[in-house]
Amino acid sequence: GQNIDQPTEMTATEGAIVQINCTYQTSGFNGLFWYQQHAGEAPTFLSYNVLDGLEEKGRFSSFLSRSKGYSYLLLKELQMKDSASYLCAVREYNTDKLIFGTGTRLQVFP
Amino acid sequence: NAGVTQTPKFQVLKTGQSMTLQCAQDMNHEYMSWYRQDPGMGLRLIHYSVGAGITDQGEVPNGYNVSRSTTEDFPLRLLSAAPSQTSVYFCASSSSGANVLTFGAGSRLTVL
Chain F
526 GQNIDQPTEM TATEGAIVQI NCTYQTSGFN GLFWYQQHAG EAPTFLSYNV LDGLEEKGRF
586 SSFLSRSKGY SYLLLKELQM KDSASYLCAV REYNTDKLIF GTGTRLQVFP
Chain G
2 NAGVTQTPKF QVLKTGQSMT LQCAQDMNHE YMSWYRQDPG MGLRLIHYSV GAGITDQGEV
62 PNGYNVSRST TEDFPLRLLS AAPSQTSVYF CASSSSGANV LTFGAGSRLT VL
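Chains F and G, in that order, are what the protein sequence lines are. At position 97 of the first sequence the residue is numbered 622 (my numbering), and the sequence of numbers has no breaks. At position 102 of the second sequence the residue is numbered 103 (my numbering), and the sequence of numbers has no breaks.
The hints are simulated quantities; they were obtained by calculation from the structure and are not laboratory data. Be aware that one or more of the hints could be misleading.
Unchecked claim - Interface residues of chain F toward chain G, partial, derived using beta-carbon atoms under 10 Å:
(1) S608
(2) D621
(3) F625
Stated by the list, open to error - Label pairs and their in silico Cβ distance ranges:
(4) G/T16 <-> F/K601: 46 to 54 Å
(5) G/E60 <-> F/K606: 28 to 36 Å
(6) G/K15 <-> F/T538: 41 to 49 Å
(7) F/S590 <-> G/E60: 20 to 28 Å
(8) F/F634 <-> G/K15: 23 to 31 Å
(9) F/D530 <-> G/Q18: 34 to 42 Å
Keep in mind the model is a prediction, meaning the values are calculated, not measured. A virtual CB, placed ideally from N, CA and C, is assigned to each residue, including glycine.
My request is simple: use the sequences and hints to build the entire structure.
Spelled out as structure tokens, the structure:
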């Protein structure tokens with residue numbers, strides 16, 4: 526099975542940088558995803574890591590260390606519209622299940 | 002393209018009633034899945050399907066049935082609704098395997 530941990534809530538200031546951590550314990554790992562979910566809306570895909578290292582996509586970057594069971598999502602130049610929940614999800618090896626953590630609610634203040 | 006369409010958007014049931022949440026996608030995706038989302042619990046996988054005629058259980062399958070007779074449709078059935086099934090339900094699909102998921106808008110179910 527999977528055990529995925531994320532902080533419940535974080536706050537940050539507009540223009541700042543914030544790092545959202547995700548740790549996981551799994552019987553089999555085949556990729557890690559980050560999704561963004563605004564209140565009352567469906568999740569949308571942000572990033573995907575299957576190999577160790579950093580994936581950069583505009584203001585958002587995601588890092589993975591498979592040996593440590595650890596990932597983070599880095600958001601730069603924060604904007605008010607970045608206020609949302611950020612969901613970490615791990616794909617199980619050989620079962621095609623995508624298991625989500627409980628999500629981190631980020632509030633960005635002016 | 003409509004993407005992933007879920008119906009109904011809202012539903013209120015009484016305990017013991019049955020109903021079906023519909024999910025349809027027009028992207029020719031092989032993989033489809035159902036999640037429920039409760040406050041503080043995140044998204045939990047109910048059932049998933051890797052292709053027509055194939056379904057499998059997720060983390061919380063009890064009380065729910067699914068079928069996948071076509072590539073496009075993946076209905077979720079509640080045979081005898083219970084208050085514990087009050088939740089927001091999301092259907093999601095991807096082109097192959099548990100890859101980048103496209104989510105439907107969600108269905109909010111209340112069981113009294």
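Against the structure, the hints come out as follows:
1. S608: Violated - the Cβ of F/S608 stays beyond 10 Å from chain G, reaching only about 17 Å at its closest.
2. D621: At 5 Å from the nearest chain G Cβ, F/D621 passes the 10 Å test, so the hint holds.
3. F625: Status holds, d = 4 Å.
4. G/T16 <-> F/K601: 46 to 54 Å: holds (49 Å)
5. G/E60 <-> F/K606: 28 to 36 Å: holds (31 Å)
6. G/K15 <-> F/T538: 41 to 49 Å: holds (47 Å)
7. F/S590 <-> G/E60: 20 to 28 Å: holds (25 Å)
8. F/F634 <-> G/K15: 23 to 31 Å: violated (43 Å)
9. F/D530 <-> G/Q18: 34 to 42 Å: With Cβ atoms ~37 Å apart, the hint holds.
In this structure, the hints that do not hold are numbers 1, 8, in rising order.
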